[in-house]
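Protein chains: 2
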Amino acid sequence: MDTVNLKRLAKELNLAISTVSRALSDSHEVSSETRERVRALAKKLGFQPNPHASSLRQNKSKTIAVVIPEIENHFFSQVLNGVEAVAQEKGYHVLIYLTHEDYNREKSILQVLRNGRVDGLMISVSNSTGNFEHLESCREAGIPLVSFDRIDENTDIPKIITDDAAISFKATEHLVKNGCRRIAFLSMSDRLSISNLRKSGYLKALEKHGMGKQQLVVECSPDDKQNEQEMRKLLQGKQRPDGVFCSIEKFAINIYEICQELNIAIPQQLKVIGFSNLPAAALLAPPLTAIVQPAYEIGKEASSILFKIIEKKTLLHSEKRIVLPSKLIERKSSRE
Amino acid sequence: MDTVNLKRLAKELNLAISTVSRALSDSHEVSSETRERVRALAKKLGFQPNPHASSLRQNKSKTIAVVIPEIENHFFSQVLNGVEAVAQEKGYHVLIYLTHEDYNREKSILQVLRNGRVDGLMISVSNSTGNFEHLESCREAGIPLVSFDRIDENTDIPKIITDDAAISFKATEHLVKNGCRRIAFLSMSDRLSISNLRKSGYLKALEKHGMGKQQLVVECSPDDKQNEQEMRKLLQGKQRPDGVFCSIEKFAINIYEICQELNIAIPQQLKVIGFSNLPAAALLAPPLTAIVQPAYEIGKEASSILFKIIEKKTLLHSEKRIVLPSKLIERKSSRE
DNA sequence: CTGTTAGCGCGTTCAA
DNA sequence: TTGAACGCGCTAACAG
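The listed protein sequences correspond, in order, to chains R and A. Read left to right, the first sequence gives residues 1 to 336 (this note's numbering). Read left to right, the second sequence gives residues 337 to 672 (this note's numbering).
Don't take each hint at face value.
[Claimed, not checked] Distance condition first, Cα-Cα at most 30 Å in a straight line; then the derived DSSO-like pairs of lysine-lysine:
| no. | chain 1 | residue 1 | chain 2 | residue 2 |
| --- | --- | --- | --- | --- |
| 1 | R | Lys7 | A | Lys569 |
| 2 | A | Lys561 | A | Lys574 |
| 3 | R | Lys90 | A | Lys443 |
| 4 | R | Lys62 | A | Lys443 |
| 5 | R | Lys238 | R | Lys177 |
| 6 | R | Lys62 | A | Lys636 |
| 7 | R | Lys7 | A | Lys398 |
| 8 | R | Lys208 | R | Lys332 |
| 9 | A | Lys398 | R | Lys44 |
| 10 | R | Lys332 | A | Lys569 |
| 11 | A | Lys561 | R | Lys332 |
| 12 | R | Lys62 | A | Lys648 |
| 13 | A | Lys443 | R | Lys11 |
| 14 | R | Lys177 | R | Lys233 |
| 15 | A | Lys443 | R | Lys308 |
| 16 | R | Lys90 | A | Lys574 |
| 17 | R | Lys60 | A | Lys443 |
| 18 | A | Lys513 | A | Lys668 |
| 19 | A | Lys396 | R | Lys60 |
Just so you know, these hints were derived from the structure itself, not from any lab. These figures come from a predicted structure and were not determined experimentally.
Please take these sequences and the hints and turn them into a complete structure.
Here is the structure:
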C-alpha cells in the first residue's frame with residue numbers, strides 16, 4: 001500500500017523512525033539538515049500523522065465534545081460557533097452530539113464519552129434532565145467538563161450562565177410598565193434551574209408591583225404539539241392574559257403563530273416578550289421584544305475554561321461560575 | 337490507576353485479554369458462561385473500549401466529518417440535524433468543521449482529515465472556493481466523500497442537490513406574474529454552481545417573458561458589510577428594481593433591514609423572494625415568500641449515501657446524483 | 001545527534 | 001474453548 005507513515009518516510013530517507021518523528025515535532029535534538037530533509041519529503045508525500053496512534057500513545061485526542069439539546073435553535077448554533085472558533089485556534093477538533101431533549105440519550109452519550117475519545121466536553125442539559133449524576137460521574141472519571149446555560153447549581157462543575165433572574169425581572173417589569181395586568185409565564189421545564197430562575201424573576205417583579213396573586217405559570221413539556229395546545233387554550237380562555245413572557249425562543253414563535261391564527265393583535269391585545277437569539281427578531285410582525293443571550297460569548301468562554309482545565313491550569317474562583325449579562329431589546333411587541 | 341481496560345478485566349477474572357476481547361465482541365467461540373462473567377464485570381466497572389486503540393487496530397474511526405461554511409444558518413443546521421440522526425442510529429460520531437466561507441481554511445481542514453481521523457466526510461464548499469482539487473485529492477486518497485448543495489458538477493463525487501434552476505425559474509416567474517418589471521438577482525458567488533444555476537433559472541424566466549434586457553445581477557462577495565452597501569446602493573439608485581430575488585437567506589434579511597431603514601414598502605414598492613429555511617419566515621413583516629430547501633432530508637440522504645460508500649456497497653447510478661425538490665411558499669412579500 | 005527498544009489498548013492471528 | 005504473541009503507528013526513555 002502507499003500509506004504514508006513514519007516508517008515509510010524513515011525507509012526512504014534511511015533514518016530511524018524516531019528520528020523522523022523528532023524532526024517533525026520540531027525537536028531541537030536533531031540536525032537542521034536532517035530536519036529539512038524529513039520535512040521536505042513529508043510535505044512532498046503529504047504525510048499526516050495517524051491521529052489514533054498518537055492519541056493512543058499520548059493519551060489525548062485533541063478533540064472536545066459539545067453536547068446540546070438541539071441545533072436548530074439560534075442560541076445553540078451561536079454557542080457552537082463560539083466553541084468552534086476557540087477550538088480551531090487551539091488545533092482541536094469538535095464532536096457534536098444532540099440529545100433532542102432526551103435524558104436517556106444524554107446519559108448514554110456521556111457514557112460513551114468516558115473512554116478517552118475526547119479530552120473534555122461541554123454540555124447544556126436537556127429539559128427532561130432531572131438529576132446530574134451522569135455529569136458528576138464523568139467528572140469523577142477525570143474528564144474535564146464544563147456546563148453552560150442549562151446547568152446545575154449544586155455541583156462544582158464550572159458553569160457559564162447568564163443573569164436569568166435579573167433579566168427576567170426586568171422583562172416582566174417592562175411588561176407591567178407597559179400596562180399589562182395579567183402576565184403569563186411559559187416555562188420550559190420545572191426541572192431546569194434556568195427555567196426556575198427565569199420564573200423567579202417573573203414572580204419577583206409581579207410581587208414588587210402588587211400582582212403576586214395574578215401569577216399565571218404554564219409549565220410546558222418536551223412535546224411541541226402539546227405545548228401549542230396549551231398556549232391555544234391559554235389565549236382562548238375567558239381570562240386571557242394581556243401579556244406573555246416566553247422563556248424560550250420557540251414559544252415566542254408559537255405565540256406569534258397562534259395569535260395570527262386566532263386574530264389576536266400584538267401588542268394591542270397581547271404584549272409579547274421572549275428569550276430569543278433570532279437575527280430576524282427585529283423583522284417580525286410586530287418586531288419582537290427580545291432577551292438576547294450572549295450566545296457566541298458563552299461558547300467562547302465555555303471552551304476557554306474547558307481548555308484551561310484540559311491544560312491543567314488551576315481555575316480562579318471567579319472562573320468556576322461565570323455570569324454573562326443578557327440584553328433586553330425593546331421593540332413593538334411589548335409596547336403600547 | 338483505576339483505568340478500566342481489557343487488561344484490568346482479564347486480571348480480575350483470571351482470563352486472557354484475548355478471551356475478554358472476544359467475549360465482549362459477541363464472538364461465538366467463547367463459552368456463554370465466561371461471556372456472561374465478562375459482561376457482568378464490564379458493566380459493573382463501566383468498561384468502555386478505548387476508541388483510539390480499536391481505531392488504530394481496525395483502521396476505522398466510527399466517525400464522520402461535516403464540513404460546512406457556517407452554522408448560524410438554518411439550512412446548514414437543519415442539514416446537520418439530519419446527518420446526526422443517521423449517524424446516531426449507526427453508532428457513528430460526528431465531527432463538525434466550519435470554513436467561514438474561507439477556501440484556504442477549507443483546504444487545510446480537508447488536508448488534516450486525510451489521515452484516518454474520519455471514515456468519511458461530507459462537504460458543502462465555501463463561496464470562495466473556485467476549484468475542487470482538494471476534494472478530488474481526498475477521494476484519491478481513498479476517503480469516502482459526499483458533497484451536497486454547493487457541489488461541483490464536473491467530478492464524480494456523489495452529490496445531493498436541489499432543483500435550483502427550476503425553482504428559481506418558478507420564483508422569478510412568480511415575481512413577473514405579480515407585476516415586477518425590473519427584477520434584481522442577488523448572487524452569492526459566481527464560482528458556485530448552485531449560484532449559477534439559480535441565476536440561470538432567473539435569466540431563463542426573464543427571457544421567456546421578454547425581459548432579457550432587464551437583467552440585473554448583483555454579484556455579492558464574502559464580505560457581509562460590503563454586500564449590504566451594494567444592496568443599499570441598489571435600492572437607492574434611480575432605477576430602483578421593483579422586485580428582488582435573494583439567492584440566500586442572509587440577503588433576504590439584509591433586504592428587509594435596508595427597506596425598513598430606507599422606508600421602502602414591501603411588497604408595494606419592492607417585491608421580495610428568497611431562498612430561506614427560516615421557521616419564522618411566515619412571521620416576518622411582511623411574511624416572506626420563500627424557497628424552502630429540504631435541508632433535513634439532504635442531511636439524511638447525504639449521510640446515508642456516505643455510509644453506503646463507507647460500507648463498500650456499490651452505489652446505484654441514481655445514487656450518485658440525487659436531486660431533491662425545493663418548495664416555493666408564496667406569501668405577502670411578493671404579492672400585489 | 002541518531003538508533004534501538006518498549007509499550008499505549010485493542011483485535012486477530014496461531015497454538016494448544 | 002482459551003491463551004500467548006504480534007502489530008496497528010506513534011512517542012518517549014534510554015543508549016550510544
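*Satisfaction of hint between A:Lys569 and R:Lys332, Cα-Cα up to 30 Å*: Holds - the C-alpha atoms of A:Lys569 and R:Lys332 are around 28 Å apart, at most 30 Å.
*Within 30 Å, alpha carbon to alpha carbon, are R:Lys62 and A:Lys648?*
holds (29 Å)
*Given pair status - A:Lys443, R:Lys60, alpha carbons within 30 Å*: holds (25 Å)
*Are the Cα atoms of R:Lys90 and A:Lys443 separated by 30 Å or less?*
holds (18 Å)
_So if I understand the rule, the pair passes when the alpha-carbon distance is 30 Å or less; does A:Lys561 with R:Lys332 pass?_
holds (27 Å)
_Check whether the Cα positions of A:Lys443 and R:Lys308 lie no farther apart than 30 Å._
holds (29 Å)
*Hey, R:Lys238 versus R:Lys177, does the alpha-carbon distance stay inside 30 Å?*
Holds - the C-alpha atoms of R:Lys177 and R:Lys238 are around 23 Å apart, at most 30 Å.
*asked:* Need the status of pair A:Lys443, R:Lys11: alpha-carbon distance at most 30 Å?
replied: holds (29 Å)
*Is it true that the CA of A:Lys561 sits at most 30 Å from the CA of A:Lys574?*
Holds, because 22 Å separates the two Cα atoms, which is no more than 30 Å.
_Need the status of pair R:Lys208, R:Lys332: alpha-carbon distance at most 30 Å?_
Judged against 30 Å, a Cα distance of about 24 Å means the pair holds.
*Assess, step by step, whether the Cα of A:Lys513 is no farther than 30 Å from the Cα of A:Lys668, and give holds or violated.*
holds (14 Å)
*Would you check the hint for A:Lys396 and R:Lys60, treating anything up to 30 Å between C-alpha atoms as holding?*
It holds: about 18 Å lies between the C-alpha atoms, which stays within 30 Å.
Violated hints, in rising order: 1, 16; the structure is consistent with all others.
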